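Go by the hints and put chain E onto chain Z.
Protein chains: 2
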Amino acid sequence: MSDATNDLILKRILDAPRAAIWRCWTEPELLRQWFCPKPWYVSDSRMELWPGGEVMTVMNGPDGERVENLGVMLEVVPGERLIFTDAFEPGWRPAGRPFMAASVTLADAGDGQTHYEARAMHWTPEVKAEHEAMGFHVGWGIAADQLEVLARKL
Amino acid sequence: MSDATNDLILKRILDAPRAAIWRCWTEPELLRQWFCPKPWYVSDSRMELWPGGEVMTVMNGPDGERVENLGVMLEVVPGERLIFTDAFEPGWRPAGRPFMAASVTLADAGDGQTHYEARAMHWTPEVKAEHEAMGFHVGWGIAADQLEVLARKL
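Quick note, the sequences are listed as chains Z and E, same order.
Those letters in the first sequence? Residues 1 to 154, by our numbering.
Those letters in the second sequence? Residues 155 to 308, by our numbering.
Okay, chain Z solo, but in the shape it has when bound:
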């Protein structure tokens, strides 16, 4: 299956430069400031920018919830593209139930703006539907708003 049937996609034009958005995704100190829809927050994160590198976030909820996501980086094109997945843990060990591979793609839109695409790619229609029901569009949309606000300040 090489079509996009099982993808969920968020596309935006963000009012911030591509380099600033790249920094917000790849520098953990910045990522922690926008990655979760508030009042959730990220208490720890790692983002190793090479194939097989560790990608990790710990998200915390207002009632003490704690969700740790661990995965690996698959591809890095500096300033343009990140792809990572939870299907593997570092060392390329198959991990749990593969949920998604996610790609982030940036392109200049002129006037200091950026075409922003965040794509969640799933193995099955069932997992795609589950992700959609978990609030993909609202959640990733709020995160993109927070990302834009932060990137404009850099």
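No lab work stands behind these hints, which were simulated from the structure alone.
Quick caveat, the model's predicted, so the values are computed rather than measured.
From the three backbone atoms N, C-alpha and C, an ideal C-beta is built for every residue, glycine too.
You can take every hint at face value.
If you anchor each label on the Cβ, the simulated ranges turn out as follows: (1) Z:11 <-> E:195: 42 to 52 Å; (2) E:219 <-> Z:141: 46 to 56 Å; (3) Z:63 <-> E:289: 47 to 57 Å; (4) Z:46 <-> E:295: 36 to 46 Å; (5) E:202 <-> Z:124: 22 to 32 Å.
Short derived list, chain E residues pointing at chain Z, Cβ under 10 Å: (6) 157; (7) 158; (8) 205; (9) 228; (10) 237; (11) 239; (12) 242; (13) 247; (14) 249; (15) 250; (16) 255; (17) 257; (18) 275; (19) 276; (20) 277; (21) 278.
Just chain E now, kept in the frame of chain Z:
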């Protein structure tokens, strides 16, 4: 899950030098000569030696069976280690039902011999059991015999 519970492992000392075994795995013209237990044979293969590179074999059976395996390379340490998976197609698209990641690890054993480990890593105990029932140990064992014969001639 970062233990090896869902792995199937073949370990051998092969009577051939490490560099020759590496060539047999990474040069498609050589891989085709040993990769399938005969009378099955490989009619086409590709092995791109970088993360995200295409890994493909077409295996053919004596009664006209044709099995195409497509995946991507995850890690390459020249002369020492290959890891690849069918969980993705080139372009890092999630593909079908993830069956396994496979690693091949080589180390010098002295006297022109090589420690050879072929490991199939699965996401679930069910898929591991399925792979075992498909004849992992016999099939990969015969293939290792054929690999050794070819590598000794190089």
